[in-house]
Amino acid sequence: MGLLLFDVVLCALLLTLAGAAMLSRQLVHAVTLFIAFGVMMALAWARLQAPDLALAEAAIGAGLTGALCFTALARYAGDAGYPKPKLWLPLVFVAAVSALLLYSVFQIPAQPTTELSERVAEHLAVSGVSHPVTAVLLNFRAWDTLLELLVLLLALLGARQVPSQLPLHAGWSLSVSWSRLLSPMLLLLSAYLLWRGAAAPGGAFQAGALLASGLVILRLNQQLAWLSWQNFAVRTLVLAGLIAFVMAGLASLLLPGQLVWLSWPVALAGGIILLVETFATLAIALTLALLVVGEPEQEPADA
Amino acid sequence: MTLVLLLLLFSMLLGLWRVIKGPTLLDRLLTIQLFGSSGVAILLVLSKLLALPALLDVALLIAILAAAAPAALVQRLGKSRADTRSLGKTP
Amino acid sequence: MLSFYLYLATAALLLGVGSLGLWRGPELLRRILALNVIGAGIFMLMVSLAYRPVLYGEPADSVLHALVLTGLVVAVSATAFALALLGRLLARPQ
Amino acid sequence: MSILQLCSWLLLALGVVFFLAGSLGLLRFADSFSRLHAVTKADTLGLGLVVIGLSLQSHWREACLMLLIWLVVMGSGAVSCQLLARFSHEQQANPVEPADPGQED
Chain Z
1 MGLLLFDVVL CALLLTLAGA AMLSRQLVHA VTLFIAFGVM MALAWARLQA PDLALAEAAI
61 GAGLTGALCF TALARYAGDA GYPKPKLWLP LVFVAAVSAL LLYSVFQIPA QPTTELSERV
121 AEHLAVSGVS HPVTAVLLNF RAWDTLLELL VLLLALLGAR QVPSQLPLHA GWSLSVSWSR
181 LLSPMLLLLS AYLLWRGAAA PGGAFQAGAL LASGLVILRL NQQLAWLSWQ NFAVRTLVLA
241 GLIAFVMAGL ASLLLPGQLV WLSWPVALAG GIILLVETFA TLAIALTLAL LVVGEPEQEP
301 ADA
Chain F
1001 MTLVLLLLLF SMLLGLWRVI KGPTLLDRLL TIQLFGSSGV AILLVLSKLL ALPALLDVAL
1061 LIAILAAAAP AALVQRLGKS RADTRSLGKT P
Chain V
2001 MLSFYLYLAT AALLLGVGSL GLWRGPELLR RILALNVIGA GIFMLMVSLA YRPVLYGEPA
2061 DSVLHALVLT GLVVAVSATA FALALLGRLL ARPQ
Chain P
3001 MSILQLCSWL LLALGVVFFL AGSLGLLRFA DSFSRLHAVT KADTLGLGLV VIGLSLQSHW
3061 REACLMLLIW LVVMGSGAVS CQLLARFSHE QQANPVEPAD PGQED
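Top line first, the protein sequences correspond to chains Z, F, V and P.
Following this note's numbering, the numbering of the first sequence begins with 1 at its first residue and continues without gaps.
Following this note's numbering, the numbering of the second sequence begins with 1001 at its first residue and continues without gaps.
Following this note's numbering, the numbering of the third sequence begins with 2001 at its first residue and continues without gaps.
Following this note's numbering, the numbering of the fourth sequence begins with 3001 at its first residue and continues without gaps.
You may find that some hints are simply not true.
Heads up, simulated DSS-like pairs for lysine-lysine below, C-alpha to C-alpha not over 25 Å straight-line [what the hints assert, rightly or not]:
hint: 1; chain 1: Z; residue 1: K86; chain 2: F; residue 2: K1021
hint: 2; chain 1: F; residue 1: K1021; chain 2: Z; residue 2: K84
hint: 3; chain 1: P; residue 1: K3041; chain 2: F; residue 2: K1021
Hints are computed from structural coordinates only; laboratory data are not their basis.
Produce the entire structure from the sequences given, and follow the hints as far as they go.
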């Protein structure tokens, strides 16, 4: 009963924050509301017993989204105001669509279809890890993860085609030293999440997102001058996730008894997954960080 | 335990007014700070209540990122012209 | 049971709110945020569906969790790409 | 109910009170800087009390993790308080964007 009330308040908060972000008059307010919305989403995932998602959402929402949006805002500075758009026509249309959606989601039966999760549980023992989400991501549906790394790479390559420079400003010394103080902890926590992914919530995506947030925060505080596409090691590591994945797939094909691409032999599965995940973490972290703060360094224009 | 959870969420609900109404950007950023720390507390209690120890990791993650992020973000936004202008003014 | 439908309804309403923002704008950045809100609604739909086994005392559906996890990271990279395009658009001399 | 549990519940209740006080301060105080003060201090203390309260009911490893979380939040409360105040101060001195009209819907 109490938990239901908690759900009601949480859902109301989520909807209010989203609605206010969409309707607020100034863009900067929309962005802050959206960041608050991200924090609440992490809580919702935690409540819905999806700790993996809560980890990823927290890492993305608290670090990356904020940096992305504030960078975009800084570009908007000095932009003229926009005329206030009409509210009623879209509102009526959207209300109708929402009513339809509401009607259809209430048709969904509460009885779960357990076929897939039963099959996951059945094959968990031969996957090399004991955490089902990691087993799905890195073994049963390894194709998805491989292609996702490709999508990340494509996003980075695409963003690099449209560079627009925004100078980094000298950080406040308190902020710089505080972020430096926290950086070992960030590194340690993401390594822990990566390692932990084999048996408990954690894994390459969460660790990668966290590491990316850390890199972005340090970069915004004028650290990590090496973090740019010009650096050969960075480029190599960005590609390393994909390469390690493909190599692992090819190598496991060569082993006797292996017929299917991207299916790991049982005895080696744990090791292969850890290896692939390590490179994937580094690749995800660097790709996301470059996407967020990737522009070439430049002296402030009028300093 | 559920009562604690509810009251913590209620304290976030109180903050909602400030994040929507402002009036200054500082108030909004502050409310995000409040959401961060109440969120950490809620996650701690939830991890106990739902018996999900992994939520403690989530709480640590939010704590560390919320610790470092606002400062970095604010620099990105606010210092741009203000800083160079003030540098120009000093004799 | 009730919370399951509550989160489903929230997912549907988030989709509605997001599409309102997408239509209304007026700034491009707000439209990108609106797309993210719609994405959040869809993720919430999937996660609520994954929550159903919990109602019957079983662990949540890991396949859906894995899908949403992939989706979260793809969504942030797509947002970053969209914002890069936006930055280029704004940097263009008027 | 053992003494330990009683203490734990008392601490939890006290922690929640501090959280609510912080939020009330955010809501009621007159200007941004006093609100800043209310949030960053009261919440840190509230979180500390919640952490100690929960630790009394937990395994020692979880208690250590929670203590670490509290330490981080304590540091970040102090630092971000300073930084946000400084940001606001600089922005007031030379505003980048037109001043906020103060009301909106």
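Here's how the hints hold up against the structure:
no.	hint	result
1	Z:K86 x F:K1021	21 Å, holds
2	F:K1021 x Z:K84	18 Å, holds
3	P:K3041 x F:K1021	22 Å, holds
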